[in-house]
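Quick note, the sequences are listed as chains A, B and C, same order.
Residue numbers for the first sequence follow my numbering, beginning at 1 and rising by one.
Residue numbers for the second sequence follow my numbering, beginning at 1 and rising by one.
Residue numbers for the third sequence follow my numbering, beginning at 1 and rising by one.
One should not assume that every hint holds.
Stated by the list, open to error - Taking lysine-lysine and the DSSO-like style, the derived pairs with C-alpha atoms no more than 30 Å apart in a straight line are: (1) C:Lys152 - C:Lys134; (2) B:Lys21 - C:Lys57; (3) C:Lys161 - B:Lys78; (4) B:Lys49 - A:Lys131; (5) B:Lys17 - B:Lys106; (6) C:Lys127 - B:Lys13; (7) C:Lys226 - C:Lys127; (8) B:Lys136 - A:Lys229; (9) C:Lys157 - A:Lys234; (10) C:Lys268 - B:Lys11; (11) A:Lys234 - C:Lys127; (12) B:Lys11 - B:Lys21; (13) C:Lys157 - C:Lys268; (14) A:Lys229 - B:Lys71; (15) B:Lys344 - B:Lys311; (16) C:Lys157 - B:Lys71; (17) B:Lys78 - B:Lys17; (18) C:Lys179 - C:Lys134; (19) C:Lys179 - A:Lys234; (20) C:Lys236 - C:Lys161; (21) B:Lys71 - A:Lys131; (22) C:Lys57 - A:Lys131; (23) C:Lys123 - C:Lys112; (24) C:Lys283 - C:Lys123.
None of these hints come from the bench; they were simulated from the model.
All values reported here derive from a predicted model rather than from experimental measurement.
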Amino acid sequence: MSLNEILDQVRDLPPPRILSNKPRFSDRIFRGIVTLGGFTSLLILGLISLFLLYRGFSALRTEGFGFITKYEWVSSINSDGTEGEAASTYGVGAMLVGTIITAIIALLIGAPVAILAAIYLAFYAPIRTRKFLVSVVDLMAAFPSILFGLWGLNVLMDQGIYVAELLNKYLGWIPIFQVPVPVFLRSPFIAGLVLAIMIIPIVTAVSREIFAQTPLDRIQAAYALGATKWAMIKTVAIPYGYSGVVGGAMLGLGRAMGETVAVFTVLNIVYRANFDILLGAGGNLASHIILKFGEASSEEIKALMAAGFVLFLLTLAVNLLADFIVARTGKRGK
Amino acid sequence: MVPVSNEIEVKPKQPWKPTQKEINTNIGIFILNILVTLSLIQFTGFSGKLAFVVLFILFSLSTNFLFSLYKGGTVLAKNSLATGFAFTGISLLLMPVISILGTVIKRGTEAMYIGFFTTDMSDDGFSSALDVGGIKHAVIGSVIMVTIALLFSVPIGILTALYLTELKGRGSTLIRFLVQAMSGIPSIVAGLFIYSALITGSGRGFSGFMGALALTILMIPTVARTSEEVLKLIPSDLREAGLALGATQWRTVAMVVIPAAKSGLITAAILGVARIAGETAPLLFTTGGADAVNTNPLDGNIGSVPFYVWKALIDGSPNAIARAWAGIFLLMIIVLSLFIVARKIGSPKKVRS
Amino acid sequence: MIDKSVREERPVMSEPQKIQPSSLADVAASKFEKQDNVSAAYGSGLDARNIYAWFGKYLAVSDMSIYFAAGTVTALIGPSGCGKSTFIRTLNRMHEFIPGAAMSGEVFLHGKDIYTSGIDVTKIRLKIGMVFQKPNPFPSMSIGENVLAGIKLAQLKVPNKNELMQDCLERAGLWSEVKDRLNQPGGSLSGGQQQRLCIARSLAVNPDVLLMDEPCSALDPGSTLKIEETIGELAKTMAVIIVTHNMQQAARVSDYTAFLLSEGGPGKLIEFAPTREIFGRPKDIRTENYVTGRFG
Chain A
1 MSLNEILDQV RDLPPPRILS NKPRFSDRIF RGIVTLGGFT SLLILGLISL
51 FLLYRGFSAL RTEGFGFITK YEWVSSINSD GTEGEAASTY GVGAMLVGTI
101 ITAIIALLIG APVAILAAIY LAFYAPIRTR KFLVSVVDLM AAFPSILFGL
151 WGLNVLMDQG IYVAELLNKY LGWIPIFQVP VPVFLRSPFI AGLVLAIMII
201 PIVTAVSREI FAQTPLDRIQ AAYALGATKW AMIKTVAIPY GYSGVVGGAM
251 LGLGRAMGET VAVFTVLNIV YRANFDILLG AGGNLASHII LKFGEASSEE
301 IKALMAAGFV LFLLTLAVNL LADFIVARTG KRGK
Chain B
1 MVPVSNEIEV KPKQPWKPTQ KEINTNIGIF ILNILVTLSL IQFTGFSGKL
51 AFVVLFILFS LSTNFLFSLY KGGTVLAKNS LATGFAFTGI SLLLMPVISI
101 LGTVIKRGTE AMYIGFFTTD MSDDGFSSAL DVGGIKHAVI GSVIMVTIAL
151 LFSVPIGILT ALYLTELKGR GSTLIRFLVQ AMSGIPSIVA GLFIYSALIT
201 GSGRGFSGFM GALALTILMI PTVARTSEEV LKLIPSDLRE AGLALGATQW
251 RTVAMVVIPA AKSGLITAAI LGVARIAGET APLLFTTGGA DAVNTNPLDG
301 NIGSVPFYVW KALIDGSPNA IARAWAGIFL LMIIVLSLFI VARKIGSPKK
351 VRS
Chain C
1 MIDKSVREER PVMSEPQKIQ PSSLADVAAS KFEKQDNVSA AYGSGLDARN
51 IYAWFGKYLA VSDMSIYFAA GTVTALIGPS GCGKSTFIRT LNRMHEFIPG
101 AAMSGEVFLH GKDIYTSGID VTKIRLKIGM VFQKPNPFPS MSIGENVLAG
151 IKLAQLKVPN KNELMQDCLE RAGLWSEVKD RLNQPGGSLS GGQQQRLCIA
201 RSLAVNPDVL LMDEPCSALD PGSTLKIEET IGELAKTMAV IIVTHNMQQA
251 ARVSDYTAFL LSEGGPGKLI EFAPTREIFG RPKDIRTENY VTGRFG
């Protein structure tokens, strides 16, 4: 059929009717209000970045890119309380390093435990046990972070020091397990341990939900081919849930990066980039902000706001990436 | 003539369940593992609960592996190793939970006495004796702030959920993404934001209202996400029935959808409260944490239970730490009861009645 | 008597269920004449005795005993909810995956009860393969890997994997269509091809019995016909048991037919006989009512 013939046919067709669906006045108000409510989250996220950037702008402008790379945070205040112009310099590099180190320790310890627990909940637990344990995981996610801090300081610390000493004794030849002085109390390693326990519930919950969506027909196909439970998990569940679990682990990473009170409680906050994870000194962005906030001059407050802005962007990026990965997995199930 | 039934009684069986003999073997292996681990600890330099747990896990995994290797070959041995790892995962998850709850119960009552809930800390320091001072101001402050946060976040959260489920507007994907991202905002950022936007440079000081705003930011995502789950479960024929009767969309939502989802929406609000009840970091930047009762949320420093725990923790003396545990004990009781109430009212998954 | 070419032209799926009983009987008879020399020379088949199956307190299947001879195709027919699927799931121990499930009775494979305690259930499922209603190839694997999935899952040793892959695909009637794209994902095939891929996958572990749970109900008439041809091929070396809603299909492919009915209570075996008798001169009035389309 030639193009002209097609065009002729099209011309012969009656014009399509326009289906109008003009909402009534009350509905238009309703839709307006709901849409407004729906976009509140966008508004809030926008305002957060706007105000933190606005308040911290002067510090960011003075320091430039150095704000996130410099390992120096010096606020000079004269003896009479006025601020000296000379030597103030603000860079969150060391705390950024601390944030990443503690979060990675948390992920390395917490994620395997959480994923194994999720596999147990999705494929091994009897129904009643599973229901109960899922509630326990939900409850654990709602534990206040100050509780983790208090427990970490009072209960976990001794065990953590013991493990740290063992690591140092037997694996001390690995650079990160070396310590210049034998101070194992309140180290990044112990902070990472507490953070690991804190992120276990969310990583478990996300992974379990992904695993529970594994299509039943694929599971049955594997079993019908003589698979053991492990063989089924390896060939069906893990390929299906892989990226979702990675996303869940990244959500955990985001949580660990932004944790404040628990890290402040168990870690000996010292402004330095501490790569000796067993040594009792270090910090992360959030705990640094808390530490400096109480006695900060108005100029230092601005730098702290800028630090908050950096923390916000960092966690937002990690979270968005994680959500993107998780959402993509969810869609893949038929 | 009635036909006589000559059917024999047949009992349902589950031949795939392990037999008593197999269960006994497993229990035997389990006890053996404990004994061997204990003796290992005796003979080596390892000590402490943690060492026991680690050695026990390693030893159990290897005995189970070898036992099933001997019984059924590599395929079954790998399977039993995987089972062992799965059990290890859930045990390692449960251990801190049990330890935390146990410690809270053990230490939480040390600082409790008759006047704990009826006095405040205006006359006493955190390190003073445990029979003076109390948490009254903090409880009042927390109740005020959580109530205000509820008033803000529940409407916003439900509107967000309605936007996602009822309007399904073009921005739905974006909004769902942002709500998810918002739930991952570090709580300290919420506090910093309120401080930077409303407190610093404005001449206004700390107040309960500021704290409540910071908590609202953290509460919205929980309420919105739970509400969305709930509203998604409302059958769409219910909505269509409303529209087919000639009702406007807003009347359908107000008269049909919301009432059908009521219990689930209440659950959403409760879970939101459980999420923020123990938040500490945002309050550090917004409330000032008073030691006396302040019932005016619009003016002046105000106490709260998490702030009370924080102050006690910073003080660090033995009596102060006991007070911190008491505060945590109270928080945990609140969170736990909220959870139980939420389950009783109905989890979002059971909304469809 | 209807000859083969006429049968193939008949639009299978669109045909209304009410058809003359005599035509179905003829179909069954023609098949029977071709395979008259069936014997039990390929092993001992599968012997289900007094099978009961429960879901929790609900009894779904009651006192079902059927002997499935090797080298034959047995069709299970009956209205929805009569326990056909539940019954065949007890035959390879897939029933036990449903929480709260229970059963009673014995299933003998080569003279050994597959429900004996301490038996390795994965080895049972290797010997009794299963094809499901919906094609379910593993999406993370290529076509070739899908065929060999059972080998990988059970860690079996085979001398020549490529030869086995080709052999299974040929027996499933799929080789010529996929031989040039064995590395493409299994999901890239059409529905009917996917189902034949699943059949090939079941064949790779060399089962003695193949259970098929409505294997054609999700497929178009053309694909259905190809799978029916495959079933005829397979029955030369194993016992095939097929659940179907399509009585013409039962008449075309099976040597024996079992009619199941629940009548409000648990599903029961009403009649089990050579297929041409079920469709030609059923002994039970309920069978006759069903095959003539008076109910169901």
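Here's how the hints hold up against the structure:
1. C:Lys152 - C:Lys134: holds, 22 Å
2. B:Lys21 - C:Lys57: holds, 27 Å
3. C:Lys161 - B:Lys78: Cα-Cα ~23 Å, so holds.
4. B:Lys49 - A:Lys131: holds, 29 Å
5. B:Lys17 - B:Lys106: Cα-Cα ~40 Å, so violated.
6. C:Lys127 - B:Lys13: holds, 23 Å
7. C:Lys226 - C:Lys127: Status holds; Cα separation ~24 Å.
8. B:Lys136 - A:Lys229: violated, 54 Å
9. C:Lys157 - A:Lys234: Between Lys157 of chain C and Lys234 of chain A the Cα gap is close to 19 Å, so the pair holds against 30 Å.
10. C:Lys268 - B:Lys11: Holds, because 17 Å separates the two Cα atoms, which is no more than 30 Å.
11. A:Lys234 - C:Lys127: holds, 22 Å
12. B:Lys11 - B:Lys21: Judged against 30 Å, a Cα distance of about 21 Å means the pair holds.
13. C:Lys157 - C:Lys268: At roughly 41 Å apart (the allowed maximum being 30 Å), Lys268 of chain C and Lys157 of chain C break the hint.
14. A:Lys229 - B:Lys71: holds, 17 Å
15. B:Lys344 - B:Lys311: Not OK: Lys344 of chain B and Lys311 of chain B at ~35 Å, beyond 30 Å, violated.
16. C:Lys157 - B:Lys71: holds, 20 Å
17. B:Lys78 - B:Lys17: holds, 20 Å
18. C:Lys179 - C:Lys134: Holds: Lys179 of chain C and Lys134 of chain C sit about 23 Å apart, inside 30 Å.
19. C:Lys179 - A:Lys234: holds, 27 Å
20. C:Lys236 - C:Lys161: holds, 23 Å
21. B:Lys71 - A:Lys131: The given pair, whose Cα atoms are some 33 Å apart, is violated under the 30 Å limit.
22. C:Lys57 - A:Lys131: holds, 22 Å
23. C:Lys123 - C:Lys112: The given pair, whose Cα atoms are some 13 Å apart, holds under the 30 Å limit.
24. C:Lys283 - C:Lys123: Outside the cut-off at roughly 39 Å; violated.
Hint compliance for this structure: hints 5, 8, 13, 15, 21 and 24 are not met, and every other hint is.
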